[in-house]
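Student: Below, each chain spelled out in residue letters.
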Amino acid sequence: MESNQEPILTQDAPTLHQDRDAIFQLLESYDFSDPEFQAGIRSIVGPLQQTGASMDQILETQQRAKVFYFSSKTGHAVSYEEYVEWRGRNRDSAQPTNGQSGGDPIQHDLANVRNKTTTDAATTEPYPASFDSIVELITTGQTDKIPGIKDIPLKINEEEPTAPTLKKPPKPWEKVGAREEEEEESH
Amino acid sequence: MSSRISQIASQLDPRSWSGKSLASHKVKHDDDVVIVATARTPFCKARKGGLKDTKFDLLCMQMFKSLLARSEIDPTLIQDVVVGNVHNDDSEYYIRAASLAAGIPNTSPTLLVNRFCSSGLMAIRTVANQIQAGEIDCGLAIGAESMTNHAGRPYSFSQELNAASQEAQDCSMPMGWTSENVAGQFNISRQKMDEYAARSHNRAAAAQAAGKFDAEIVPITVPDGQGGHKLVSADDGIRPSTSAQDLAKIRAAFPQWAPSHTTGGNASQITDGAAGVILMRRSLANKLGKKPIAKYVSCAVSGLEPRIMGIGPALAIPKLLEQTGVKKEEVDLFEINEAFASMYVYCVEKLGLDPEKVNVNGGACALGHPLGATGARLVVTILKELERRNQHVAVVSMCIGT
Amino acid sequence: MIPPSPPVSRCRTQGFAGYNLAWSPFFENKLAVASSANYGLVGNGRLHIMSLGPGAVAPSPGLMVEKMFDTQDGLYDLAWSEAHENQIVTASGDGSIKLWDVALNDHPIRNWAEHTREVFSVDWNNIKKEIFASSSWDCSVKVWHPERKTSLTTIQSHTACVYACAFSPHNPDLLATGSGDGHLRLFDLRQPPTTGVGGGGAVAPPTLEPVATLPVGGEVLCLDWNKYRPLTVATGSTDRGVKVWDLRNAIGGVGKTLSTSLPGRGQMPVAALLGHEYAVRKVAFSPHSANLLASASYDMTARVWDVDAGVQGMASGMPAVGGSGAMRRVYDAHTEFVVGIGWSLFHEGLVASTAWDCETHLWGAMG
Chain X
1 MESNQEPILT QDAPTLHQDR DAIFQLLESY DFSDPEFQAG IRSIVGPLQQ TGASMDQILE
61 TQQRAKVFYF SSKTGHAVSY EEYVEWRGRN RDSAQPTNGQ SGGDPIQHDL ANVRNKTTTD
121 AATTEPYPAS FDSIVELITT GQTDKIPGIK DIPLKINEEE PTAPTLKKPP KPWEKVGARE
181 EEEEESH
Chain G
1 MSSRISQIAS QLDPRSWSGK SLASHKVKHD DDVVIVATAR TPFCKARKGG LKDTKFDLLC
61 MQMFKSLLAR SEIDPTLIQD VVVGNVHNDD SEYYIRAASL AAGIPNTSPT LLVNRFCSSG
121 LMAIRTVANQ IQAGEIDCGL AIGAESMTNH AGRPYSFSQE LNAASQEAQD CSMPMGWTSE
181 NVAGQFNISR QKMDEYAARS HNRAAAAQAA GKFDAEIVPI TVPDGQGGHK LVSADDGIRP
241 STSAQDLAKI RAAFPQWAPS HTTGGNASQI TDGAAGVILM RRSLANKLGK KPIAKYVSCA
301 VSGLEPRIMG IGPALAIPKL LEQTGVKKEE VDLFEINEAF ASMYVYCVEK LGLDPEKVNV
361 NGGACALGHP LGATGARLVV TILKELERRN QHVAVVSMCI GT
Chain W
1 MIPPSPPVSR CRTQGFAGYN LAWSPFFENK LAVASSANYG LVGNGRLHIM SLGPGAVAPS
61 PGLMVEKMFD TQDGLYDLAW SEAHENQIVT ASGDGSIKLW DVALNDHPIR NWAEHTREVF
121 SVDWNNIKKE IFASSSWDCS VKVWHPERKT SLTTIQSHTA CVYACAFSPH NPDLLATGSG
181 DGHLRLFDLR QPPTTGVGGG GAVAPPTLEP VATLPVGGEV LCLDWNKYRP LTVATGSTDR
241 GVKVWDLRNA IGGVGKTLST SLPGRGQMPV AALLGHEYAV RKVAFSPHSA NLLASASYDM
301 TARVWDVDAG VQGMASGMPA VGGSGAMRRV YDAHTEFVVG IGWSLFHEGL VASTAWDCET
361 HLWGAMG
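In order, the protein sequences belong to chains X, G and W. First residue of the first sequence: 1, per the UniProt record's numbering; consecutive thereafter. First residue of the second sequence: 1, per the UniProt record's numbering; consecutive thereafter. First residue of the third sequence: 1, per the UniProt record's numbering; consecutive thereafter.
Honestly, the hints are just simulated from the structure, not real lab data. These numbers come from a predicted model, not from an experiment. Glycine included, each C-beta is placed from N, C-alpha and C at the ideal position. Check each hint, because a few of them may be wrong.
Said to hold, decoys possible - As a list, the in silico DMTMM-like pairs of lysine to aspartate or glutamate whose alpha-carbon atoms are at most 25 Å apart:
1) X:K167 x W:E28
2) X:K155 x W:D94
3) X:K171 x W:D306
4) X:K145 x W:D73
5) G:K65 x G:E160
6) W:K129 x X:E174
7) X:K171 x W:E348
8) W:K30 x X:E159
9) X:K167 x W:E130
Unchecked claim - Pair ranges (Cβ atoms, derived):
10) G:P318 x X:K155: 48 to 56 Å
11) X:E174 x W:L152: 23 to 31 Å
12) W:G15 x X:L166: 32 to 40 Å
13) X:E136 x W:T194: 45 to 53 Å
14) X:E136 x G:S241: 44 to 52 Å
Take these sequences, add in the hints, and give me the full structure.
Tutor: Written as structure tokens, this is what we have:
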């Protein structure tokens with residue numbers, strides 16, 4: 001399976017809030033029953049199920065596929081994370097979508113997903129959630145309150161180091177030359 | 001650990017997205033514009049002080065000679081001579097004659113630049129830009145003004161201009177009017193203006209007493225007004241023991257314009273003087289074995305309403321910092337020309353500058369403001385102070401008449 | 001209709017933020033991850049040795065940690081030995097560089113403590129297989145031999161943090177560095193150190209001067225050599241751009257900092273790939289294709305670029321800006337800063353990325 005599509009997140013994505021609401025609502029009510037989508041989704045979900053992927057994973061994959069398909073077909077650039085965040089904010093008004101019941105397990109899984117946005121970076125807080133708390137403890141001199149820091153004194157391993165046994169394989173770009181030589185010899 | 005935090009914060013800072021930073025300016029490149037010599041004349045009270053009998057052409061000649069002597073470079077290397085001057089009549093002739101008389105060869109042409117009070121600064125910028133463009137490798141830039149010899153002719157605009165634009169009409173108003181507009185519009189108290197002005201005098205007096213100005217002044221021999229000559233070697237406008245209370249007693253200079261906070265004590269003095277630098281490409285400086293005094297980085301200019309022109313530095317400085325990627329906190333010293341205490345107060349407070357980093361050796365309230373010279377004088381003074389403090393980053397800014 | 005695939009595999013390194021990863025040059029399914037507790041701000045470090053289960057590419061039982069080695073301070077970078085299949089070197093926040101034998105347990109077999117500040121980068125020489133280099137916040141770059149107790153060479157000519165260093169894959173004596181002063185430099189280790197002439201004629205201690213110094217823009221956080229095109233280097237920096245540089249014209253001889261024909265202007269990159277929304281932390285050229293480059297960023301994405309697609313504008317003399325044309329993939333499954341990335345040497349198109357979300361992901365560059 002190859003993907004050479006444009007990425008969903010582009011710098012030209014619309015950024016007005018009211019436009020986003022309209023777009024997400026369009027996504028929610030989009031008809032995914034068309035054969036092209038259904039064929040595609042089967043080709044993805046099938047192998048997932050065979051390898052014993054969890055229901056959560058399958059549902060998420062399905063959801064991502066829908067978002068992607070919608071974006072490609074309509075030209076409205078939407079990312080899966082944005083959609084999930086919008087769903088979280090608009091819980092009550094969210095319509096149930098095809099082939100999915102509620103989507104709560106996915107919401108829960110993604111509760112830790114950082115809120116990313118392509119809009120004006122001045123409004124985005126880029127730091128990880130507990131980064132702030134660690135920074136706080138460090139800058140107020142309370143590093144002793146940071147849990148889990150172990151004392152690991154430097155010790156050089158007393159055991160005898162192993163001896164090298166393998167010849168280093170050539171790198172792919174080193175093999176190119178060799179391959180060319182072989183081809184020349186065969187002519 | 002906290003340095004790791006600030007390193008990451010700095011990497012994430014949107015101000016770094018322009019790609020420019022102080023760290024990158026600090027890297028030395030062969031094509032950098034560097035200053036290899038600085039000098040100035042004493043600054044003396046117009047009509048009354050040490051240079052009152054020195055005509056503009058002689059002032060220029062002495063300035064050129066002082067700079068050449070200081071720099072010890074071969075004058076034939078100078079490829080352009082740029083002079084900032086605002087109001088001396090026929091200055092375009094005088095600067096050329098003075099250059100030749102000072103020993104600069106006729107192969108170096110002269111150029112007059114006039115952007116009002118910032119002319120000295122613009123002279124330096126003009127030479128720097130030419131080096132940056134690859135057009136020359138070495139140039140001499142001075143600012144010079146003999147306010148004693150200002151003709152004082154009034155000017156007026158054509159009716160069509162005045163009718164077309166209030167702002168155009170505003171350009172005919174005296175500078176004092178703009179100072180009162182700034183004080184009034186931005187609620188700058190008389191008391192604060194006097195405080196800042198007194199600080200200027202006290203700092204200048206302390207610097208003079210400590211001999212700091214001796215490092216930048218080249219004493220010059222000038223007519224003494226009685227047929228002979230004299231050596232002038234010190235600024236004569238500084239009032240050493242001025243206090244804000246003393247200044248408070250001075251009557252308003254412009255009672256006709258509210259709030260009438262500007263006085264002769266909290267405004268720049270009328271002064272004669274000159275200052276200048278020699279700039280060259282770093283590769284040439286290295287070749288000659290000349291140690292660069294400083295690197296010229298960049299210049300930004302801003303325009304605004306003529307009626308409050310004094311606040312100009314509060315616009316141009318942020319623009320410059322953004323343009324260069326240098327952060328305000330990274331600047332060690334500022335020189336903001338004290339055209340009037342009103343704009344000086346406004347700019348320092350609006351930009352949130354540490355007063356201990358601004359005009360640390362006093363300013364135009366004490367030293368005077370020979371219009372075209374001051375821009376160059378600020379550069380000369382600030383570079384000497386950076387050297388004394390072993391610091392690295394300086395910003396010079398001025399308001400411009402219209 | 002082809003949606004982006006989910007990752008081939010993920011491996012969680014609970015409590016330890018990933019900093020960089022390195023695929024073994026000897027074993028096709030082995031990779032190591034350097035990581036740090038508390039995002040590398042304070043606390044311990046951990047070296048993870050991981051292996052990819054049988055079957056290599058998806059669907060696969062996945063990437064698993066086989067072994068771990070703990071350190072006092074965070075680990076910021078790592079490099080496998082090119083001479084010994086069990087040896088790997090790590091760069092640490094406390095300035096130490098440790099050599100490990102992964103067949104042993106717990107402790108390193110060597111420790112070097114010459115750097116006086118955080119070591120941000122280590123790189124092993126592809127051709128002179130006993131040599132590796134390190135770069136540090138102490139502004140120095142050092143070259144080492146695993147059997148020697150002290151460094152072979154120290155380069156002192158940087159005046160700002162050196163975030164990245166890498167040997168040319170073709171010429172073992174060429175070392176590129178990326179610095180917080182915004183410049184990419186190239187050093188030729190064959191040259192004798194020059195006695196520097198400081199400003200005003202003061203004599204500086206002898207040190208190796210770069211043969212090329214290029215202004216890049218922003219702080220240069222990472223760099224990598226193109227494996228097929230001589231003297232072609234990519235940089236990632238805080239100005240959010242990934243830029244590709246042809247150093248053939250930049251080299252001017254010892255001590256000379258060259259700009260181009262226009263004085264005062266830096267050399268233009270052959271391609272400028274824009275798209276990351278925050279600083280670029282790591283770049284890696286593909287070992288299989290001359291034109292493919294992967295990048296990792298604080299914007300929580302990793303991206304794959306075709307650097308040739310970004311070269312259209314060359315005729316006008318302007319650097320080519322590759323927007324969506326050059327961007328081949330945006331990988332956005334990480335949920336924190338992505339700071340490490342590397343291509344498999346054995347499975348073409350397989351990429352590993354590691355992030356502050358304490359996860360290492362394997363995914364296909366082309367989906």
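Student: Now tell me if each hint is right for this structure.
Tutor: Hint check:
1. X:K167 x W:E28: holds, 14 Å
2. X:K155 x W:D94: With Cα atoms ~15 Å apart, X:K155 and W:D94 stay inside 25 Å; holds.
3. X:K171 x W:D306: holds, 21 Å
4. X:K145 x W:D73: Roughly 17 Å separates the two Cα atoms, so the pair holds.
5. G:K65 x G:E160: violated, 46 Å
6. W:K129 x X:E174: holds, 15 Å
7. X:K171 x W:E348: holds, 12 Å
8. W:K30 x X:E159: Satisfied, since the Cα-Cα distance of roughly 23 Å is no more than 25 Å.
9. X:K167 x W:E130: holds, 14 Å
10. G:P318 x X:K155: 48 to 56 Å: holds, 54 Å
11. X:E174 x W:L152: 23 to 31 Å: For W:L152 against X:E174, whose Cβ atoms are near 25 Å apart, the range 23 to 31 Å holds.
12. W:G15 x X:L166: 32 to 40 Å: Roughly 33 Å apart at Cβ, these two residues keep to the hinted range, so it holds.
13. X:E136 x W:T194: 45 to 53 Å: holds, 47 Å
14. X:E136 x G:S241: 44 to 52 Å: holds, 51 Å
Consistency note: the structure conflicts with earlier hint 5 alone.
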